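Chemist: Sequence order for the protein chains is W and B.
The numbering of the first sequence is the numbering used here, which starts it at 15 and goes up by one.
The numbering of the second sequence is the numbering used here, which starts it at 689 and goes up by one.
Please keep in mind that the hints were generated in silico from the structure rather than gathered at the bench.
A couple of the hints might just be wrong.
In silico DSS-like links for lysine-lysine, alpha-carbon gap of 25 angstroms or less [said to hold, decoys possible]: (1) K138/W x K702/B; (2) K84/W x K1037/B; (3) K854/B x K959/B; (4) K794/B x K702/B; (5) K934/B x K783/B; (6) K783/B x K153/W; (7) K1029/B x K802/B; (8) K138/W x K151/W; (9) K151/W x K84/W.
Because the structure is a prediction, the values reported are computed rather than measured.
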Amino acid sequence: MALLLDVKNLSKIYPAGSENVQAVKGVNFHVEEGQITSVMGPSGCGKSTLLHLLGGMQSPTAGEIWLSGKALHGQNDEALSQYRQSTIGFVFQFFHLLPHLDAVENTELPLLIQGLSASDARDKARDVLDRVGLGTKEKRRPSQLSGGEQQRVAIARALVHGPKLLLADEPTGNLDMATGKAILDLIRKVSNQQNCAVLMATHSREASEWGDMVIMMRDGQVHGIYPVRK
Amino acid sequence: MASTPSVNKSPNFKELFWRFTLRHLQDEPARFILTIAGIALGIALMVAIQLSNEAALTSFHDSIDAMAGKANLSLSSTGNSFPESLLKDLADTRKQGELLPVVQGKMAPQDYPKEFLTVLGVDLFKDKEARDFQVLGVQDKLLTVQDLLRLLPQPDGVFLTQKYAKAHSILVGQKIRFIINDQIQTLTVNGLLGNSGIGQAMDGSLALMDIAAAQKVFNKIGKLDRLDWIIPQKADRETLESQLQKLYPTYKIERPSRRGEQVEKMLSAFKANLLALSLVSVLVGAFLVYNSMSIAVVRRVEEIGILRTLGITQKQIVRWMLAESFLLALVGVVLGVLLGKLMAYDVLKVIGKTIQNLYLPIPLEQRLPSLTHAVGWILFGVLIILAATIPPA
């Protein structure tokens, strides 16, 4: 498999009053195309910060991020926004769907942001909603859906524009065990269909072993990278 | 060197804007209504004050101009009458142009004691050369010189404006009791002044009398209030003006056309006060927009965050908020302009009354100028309101 993501000596320091907090310290790893990788560690170990850096939501203090041979570090807001628009999909623990939009409207947002016409966006969004099993509930607002269903809409939204990398921050953290497992299986199935790599932050050992690789993090540093034995 | 990630098309901004703004409009109608009402009130007050200011000044100017007519020099004794003999002393000035004596006074109908009429006592034949007026008789028939000659010997004859007569259902030939110098005197309406020239001055609250009759009813026999000249040559006028200033240093010698400028100067502070007040109202409108957009941004922090993760840039968020406030401003301004035009009639009454009480006892015509007189200020209001959106956005 070809190299998709290459992270070199990545660091992030937050100023906090007179002291600085180093959330990510000299992290190195890489992810191949279509690979599913879990970032495993306790709360506050820097998993979410790492995902925000990889998603271009924050800029690193030091280090390099290369995606398909293109540099993300040192880019301006415009370039990073376009990177998120075309290459990245986000899934969050609390779903973060827009409450005043229904399922299909939430799903088609990335396509409208990409500049697609309303009708083309609607067709593609419906197709992806079908694939996550919510074709019959496209007109429901988030408040009319269960937690698992809301996360399915979030997955559909994250994958509708065909990203190369899906960043999932504790995607099962707000779901019961059975629903969580179903969501992980869905992520695997849909990402496999699109050859989309997944980087999932989790503090659950069971969830972390669902992927192909596990990156262990503690105190902002990588403490080990190992393949998952199937 | 690192290459930049590939760039796609720009967002479907129109679709996103309508989707988000209209949904928020449905979800939070009170916030939108309050903001629009704030803008509308601010703009309305500004428009009303601007139009009323303009209307008041135009009306005063028109009255002064109509009453002065073609006269380009005048002599008066500040607030007092002066002996008629002065007219004889200055008879030689007729070589340079027309010399027209004027007696002026105030009276009010007994039935409407608060409605004062300004009375001009003039030489009805000669004065037509200075002031523009038409005298109408029964059934609005234009009176001829012969008609006027027949009417002149009547010592109690008065000519009212058509506008005033119509408003008070007064007919030609009718006898009316007037309060003049705290006494009741009965005058006969010999004719009406048509709706042109002097007949339009002072919103119709003007009456014309023959000078001899005016001297009698105002107890000014042997006295005059003003001398008006029409001097065609500029050099002659300037010479006469300087001669009069030397000969009669205690008298007021002025060009009637300058009275308008003097009025404007006198009212400038008053106008500035009103303008400041209207600006305060626009600033209140702008503050409401600022507040509303700040609330919108706080309430939409999560929504903006989600859109940012999906690839919207900061600039696009600012554009979106500006477009939303522009829409609010547009609706608010249109409503404000319409409301302002309605309010202007009432504001004009208040402004007119204040000006009459404090500055000039001249009735005001209740006619508003077109909205084009307020366009500059409306644009200014829109810009202030849009500027108020930028900090929260």
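Chemist: Could you work out which of the previously given hints the structure breaks and list their numbers from low to high?
Modeler: 2, 3, 4, 6, 7, 9
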